[in-house]
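Chains as they are written, first to last, in the numbering used here: chain A, 145 to 259; chain B, 145 to 259.
One or more hints might be untrue.
Copies of the same chain look alike in the list, so a pair counts if it works inside one copy or between any two.
[As the list claims (entries may be wrong)] Distance condition first, Cα-Cα at most 25 Å in a straight line; then the derived PhoX-like pairs of lysine-lysine:
#1 Lys-166 / Lys-204
#2 Lys-150 / Lys-254
#3 Lys-161 / Lys-254
#4 Lys-204 / Lys-161
#5 Lys-204 / Lys-150
#6 Lys-237 / Lys-150
#7 Lys-254 / Lys-166
#8 Lys-166 / Lys-202
#9 Lys-166 / Lys-245
Read the hints as simulated data drawn from the structure, not as lab findings.
2 protein chains.
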Amino acid sequence: MQMNEKLDIEMTANVLKLLGDKTRLTMIKIMSEHECCVCEFVDLFDMSQPAISQHLRKLKDSGIVKEARRGQWIFYSLNPTSSYFSYIQTVIKDLPSLNFKLEELTAQGKRICCD
Amino acid sequence: MQMNEKLDIEMTANVLKLLGDKTRLTMIKIMSEHECCVCEFVDLFDMSQPAISQHLRKLKDSGIVKEARRGQWIFYSLNPTSSYFSYIQTVIKDLPSLNFKLEELTAQGKRICCD
DNA sequence: TCATTGTATAAGCATATCCTTATACACACA
DNA sequence: TGTGTGTATAAGGATATGCTTATACAATGA
């Protein structure tokens, strides 16, 4: 059963602006499949650590992403309490999965695991 | 039956960036319900005619919107041949309808009709 | 053909965006 | 407590964005 809750245009535009950047859209798609820490993103993107950190901060400030510190690492994931949680999943649904990217990291021993 | 065609991340980010502006997102929502000409948008938004025109050009350049001249007027609408046509409809589905805005125009005799 | 109306383009400006490098902060562990 | 590793913040620069005003182009109709 669909909820069909109405979205605010201005808030939605802000969310779409955040997703309207290739780096952030890719991050969001990755986080929709797995939580991920900053250093993993740094390995996945050809970009400096501060650049990654700044993208994550924008996503966190908007409330669509949450962070969880585990020891030295901070893991980011989609925030299930955000009012845009299911909307975002709809928007990214048909983007290609990036699981294989994380598997490459695992193969290179670069995957962070805190179990 | 869902198609579930895979979307390209970079192209999708570009589309979302276009939608990630309050003015353009509103325009798109309006166009999803009715075609609309430039002067109508000018009446609907508190913004100059060139500003409206420039937003429409971006949307047209990306292929997600098409134009049709009818006499003096140029009508814009969602482009059904765009590969993002159904995607966009999904993305804007739960935004509030703006039909009442067009009805206000009609009441003010500002609605353009070429029938 | 000329004036009017609708639309597009050009140029310029203020601000936003996205990156960089340098540096600070947080945690782990010897 | 000191050092290494992970992450955040600060500052600054290049480019992008979104508006403005001025002007050009397109169609209509007297």
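Status of each hint after checking the structure:
no.: 1; hint: Lys-166 / Lys-204; result: both (17 Å within a copy, 21 Å between copies)
no.: 2; hint: Lys-150 / Lys-254; result: neither (42 Å within a copy, 28 Å between copies)
no.: 3; hint: Lys-161 / Lys-254; result: neither (31 Å within a copy, 32 Å between copies)
no.: 4; hint: Lys-204 / Lys-161; result: both (14 Å within a copy, 19 Å between copies)
no.: 5; hint: Lys-204 / Lys-150; result: within (23 Å within a copy, 27 Å between copies)
no.: 6; hint: Lys-237 / Lys-150; result: both (20 Å within a copy, 9 Å between copies)
no.: 7; hint: Lys-254 / Lys-166; result: within (23 Å within a copy, 40 Å between copies)
no.: 8; hint: Lys-166 / Lys-202; result: both (14 Å within a copy, 18 Å between copies)
no.: 9; hint: Lys-166 / Lys-245; result: within (16 Å within a copy, 34 Å between copies)
Of the hints listed earlier, those the structure fails to meet are numbers 2, 3, in rising order.
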